[in-house]
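*Asks:* Put together the whole structure using the sequences plus the hints.
Taken in sequence, the protein lines are chains A and B. If you count the first sequence from 1, position 114 lands on 123 in the numbering used here, and the numbers rise without skipping. If you count the second sequence from 1, position 163 lands on 147 in the numbering used here, and the numbers rise without skipping.
Think of the hints as simulated: they come from the structure by calculation, not from any bench. Remember, predicted model here, so these are calculated numbers, not experimental data. Keep in mind that a hint or two might mislead.
Computed list of lysine to any residue pairs in SDA-like fashion (alpha-carbon distance at most 25 Å, straight line) [to be verified]: (1) A:K18 <-> B:S179; (2) A:K31 <-> B:D61; (3) A:K40 <-> B:P123; (4) A:K18 <-> B:L97; (5) A:K31 <-> A:K46; (6) A:K18 <-> B:F158; (7) B:K121 <-> A:D74; (8) A:K31 <-> B:L97; (9) B:K121 <-> A:Y137; (10) A:K185 <-> B:L66; (11) A:K112 <-> A:E289; (12) A:K112 <-> A:Y137; (13) A:K31 <-> B:P123.
According to the in silico footprint, chain B covers these stretches of chain A (three or more CB under 8 Å from chain B) [said to hold, decoys possible]: (14) 44 to 58; (15) 146 to 154; (16) 167 to 177; (17) 192 to 198; (18) 229 to 243; (19) 264 to 277.
Only part of the chain B face toward chain A is listed, based on derived beta-carbon distances under 10 Å [to be verified]: (20) R(-11); (21) T15; (22) A23; (23) I28; (24) P30; (25) E58; (26) A78; (27) K88; (28) R92; (29) P95; (30) S119; (31) K121; (32) H122.
All residues carry an ideal CB built from backbone N, CA and C; glycine is no exception.
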Amino acid sequence: MNTQTVISKEDFAKFREFFYRKTGIQFDDNKRYFVDKRLLERIEATGSETFRNYFVNLRFQASGDELQQLVNAMTVNETYFFREEYQLKCLVTHMLDDLVRRKTDHSPIRIWSMPSSSGEEPYSIALYLLEYWKGIADWDVELIASDIDTSILRRARQGVYSPRSVHNLPPKLLEKYFARCSNGDYQLCDDLRQSVEFTRVNLMNPADLRGYRDFDVIFCRNLLIYFDDLSRRQAADTFFDALKPGGMICLGHSESMSRISSLFNVRKFPDAIVYQKPLEAR
Amino acid sequence: MALIRSTGIASLAVSQSDDLQALATRLQQGTPGERREAARALAILPQTSALLACQLEEEAERSVLEALVTGLAERADETAVLALLDCLRSEDAALRNDAIEALKVAGRHHPVLIQEALADSDSDMRILAIGILESLKHPDVELWLIDLIEHDPHLNVCACAVDLLCEVGTERAFHALELCRVRFPDEAYLGFAISLALTRLQGADGL
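*Replies:* And the structure:
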């Protein structure tokens, strides 16, 4: 790369609009350094010489591979226990109570975590239910966690985590549910590991998804930003069918169902905004 | 009560026939859930666009309409794109918006059809077609936009085209932008948009 390559103010404005349209992610001016640094890295990696050349390739590349690379560079891919905890709080303080008020039978509450990655999210949900939801005394809860990657599912079932993965957990929960391994990692207790059903699912394969029905809550956070527009629409259709009427879906903080599908209602709770399948939906 | 291990996924799986005739029947006569499922299953089979397009004209259930539009976007053949373009004339705003999003994907395979929509006699159709262009990834998009701002008689069509040129234009658009300003001398908003476009294109060295 030419060491003089710079991202001008106009370049940044152009890129910001483009990236927002593609991903829904909006970069404020105070993210300029963050964005420029990653853009320059991608310009260098692709041998593009200038922003102009790079942006042409980004916009017109048929495969969309470079956009994917850029999305990966612009997003933080780490996951850890109690990530985006405000939604977990919302689950136990508002969403579940709202859901059980309408439940006419006493069937289990069904929650789907997708993608599960190495298990931090579904196990966080389990921990939150056990520790912070009084309703757990009265209701059975089924937790299903899915991912397309079978190796990551194996890791999830093993339930062994680095100190970084558990850094956000209160010490008393760490002590209560984990055992320290000799190498410094943490092993999740068997009871909790057994409480989550891990399954392999390709969200884009209708045949994989036929059995995924009657969920009360779906967590699908920070996945749709990696999808193209068509895949997002297909995923929204899938979630619509997977939810019971009145069921709710939590997306990542930078994702909005309203930009993908008009099938869901927006529910604003004090802790979070979620999307609800209409009660009258068939 | 407690967290319990689910056994529900496998038992909930249904095994309905996926042959074309069975899917077509479910698409036309099933419950809304069955019609959505049939639409998605048909979308991955070849030569099903006509079936999906036909049901699109009959369908009233919002969620099935969305599945049909998504299915047509997935098929993305000429029949599918024409059916989606027809949706832009609908009185149903949600359907129009769905179709625009779908055409941003499916239109890439049939740029000529989108170009034809830019010349439609209905200015609303032309405006909606401009909304599709930004995702079209076609090398002539800028030329089509330049042609619009040089010749289209409708102010709002030109304004939409200028907005998009602001992002995708190059120095090739300078002259047309100035001409457009002359064609609509009393329209302050358009003048502002043109000035912004010229500044952007000059500052960014164009594209």
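*Asks:* For each hint, tell me whether it holds in the structure or not.
*Replies:* Hint check results:
With a C-alpha separation of about 16 Å, the suggested pair K18 (chain A) and S179 (chain B) falls inside the 25 Å cut-off, and the hint holds. Of the supplied pair hints, the one linking K31 (chain A) and D61 (chain B) holds, its CA atoms being roughly 23 Å apart against a limit of 25 Å. About 31 Å separates the Cα atoms of K40 (chain A) and P123 (chain B), which puts this hinted pair outside 25 Å; it is violated. A hinted pair counts as satisfied when its Cα atoms are at most 25 Å apart, and K18 (chain A) with L97 (chain B) does not qualify at roughly 36 Å.
With a CA separation close to 20 Å, the supplied pair K31 (chain A) and K46 (chain A) stays within the 25 Å bound. With a C-alpha separation of about 20 Å, the suggested pair K18 (chain A) and F158 (chain B) falls inside the 25 Å cut-off, and the hint holds. With a C-alpha separation of about 14 Å, the suggested pair K121 (chain B) and D74 (chain A) falls inside the 25 Å cut-off, and the hint holds. Under the criterion of a C-alpha separation no larger than 25 Å, the hint pairing K31 (chain A) with L97 (chain B) is consistent with the structure, at around 23 Å.
Distance restraint check for K121 (chain B) and Y137 (chain A): the Cα-Cα separation of roughly 45 Å exceeds the 25 Å cut-off, and the hinted pair is therefore not satisfied. Pair hint K185 (chain A) plus L66 (chain B) does not hold up; C-alpha atoms about 61 Å apart against a cutoff of 25 Å. The suggested pairing of K112 (chain A) with E289 (chain A) holds, with an alpha-carbon distance near 14 Å, which does not exceed 25 Å. Our distance criterion of 25 Å between C-alpha atoms is met by K112 (chain A) and Y137 (chain A), whose separation comes to about 21 Å.
Between K31 (chain A) and P123 (chain B) the CA atoms are separated by roughly 19 Å; this keeps the pair inside 25 Å, and the hint holds. Coverage of a stretch by a chain is defined here by at least three residues with a beta carbon nearer than 8 Å to that chain's beta carbons; for the stretch 44 to 58 of chain A and chain B the count is 0, and the condition is violated. Residues of the stretch 146 to 154 of chain A lying with their CB closer than 8 Å to a CB of chain B number 8, which satisfies the three-residue condition for coverage. For the stretch 167 to 177 of chain A, the assignment as covered by chain B is violated, since 0 residues bring a beta-carbon within under 8 Å of that chain's beta-carbons and 3 are needed.
Proximity of the stretch 192 to 198 of chain A to chain B, defined as three or more residues with a beta carbon under 8 Å from a beta carbon of that chain, is not established by the 0 residues found. Counting residues of the stretch 229 to 243 of chain A whose beta carbon lies closer than 8 Å to any beta carbon of chain B gives 5, which meets the minimum of three for the stated coverage. For the stretch 264 to 277 of chain A, the assignment as covered by chain B holds, since 3 residues bring a beta-carbon within under 8 Å of that chain's beta-carbons and 3 suffice. Hint on R(-11) (chain B) holds. Least Cβ distance to chain A is approximately 6 Å, under the 10 Å limit.
With 10 Å as the threshold, the beta carbon of T15 (chain B) comes within range of chain A, its nearest partner Cβ sitting at about 7 Å, so the hint holds. Because the closest C-beta pair between A23 (chain B) and chain A is about 9 Å apart, less than 10 Å, the hint holds. This hint holds: I28 (chain B) has a C-beta 7 Å from the nearest C-beta of chain A, less than the 10 Å allowed. Because the smallest distance between the Cβ of P30 (chain B) and any Cβ of chain A comes to about 16 Å, over 10 Å, the interface hint for this residue is violated.
Hint status for E58 (chain B): holds, given a least beta-carbon distance of 6 Å to chain A, under 10 Å. At its closest, the beta carbon of A78 (chain B) sits 5 Å from a beta carbon of chain A; the interface hint therefore holds under the 10 Å criterion. Residue-level restraint check for K88 (chain B) holds (minimum Cβ-Cβ distance to chain A is 6 Å; threshold 10 Å). A hinted interface residue such as R92 (chain B) counts as satisfied when its beta carbon comes closer than 10 Å to some beta carbon of chain A; here the least separation is about 8 Å, so the hint holds.
Interface restraint check: P95 (chain B) against chain A, minimum CB-CB distance 12 Å, threshold 10 Å, status violated. The criterion of a C-beta within 10 Å of any C-beta in chain A is met by S119 (chain B), whose closest approach is roughly 7 Å, and the hint holds. Checking K121 (chain B) against chain A by beta carbon gives a least distance of about 5 Å; that is within 10 Å, so the hint holds. Interface restraint check: H122 (chain B) against chain A, minimum CB-CB distance 8 Å, threshold 10 Å, status holds.
Hints 3, 4, 9, 10, 14, 16, 17, 24 and 29 from the list above are not met by this structure, while the remaining hints are.
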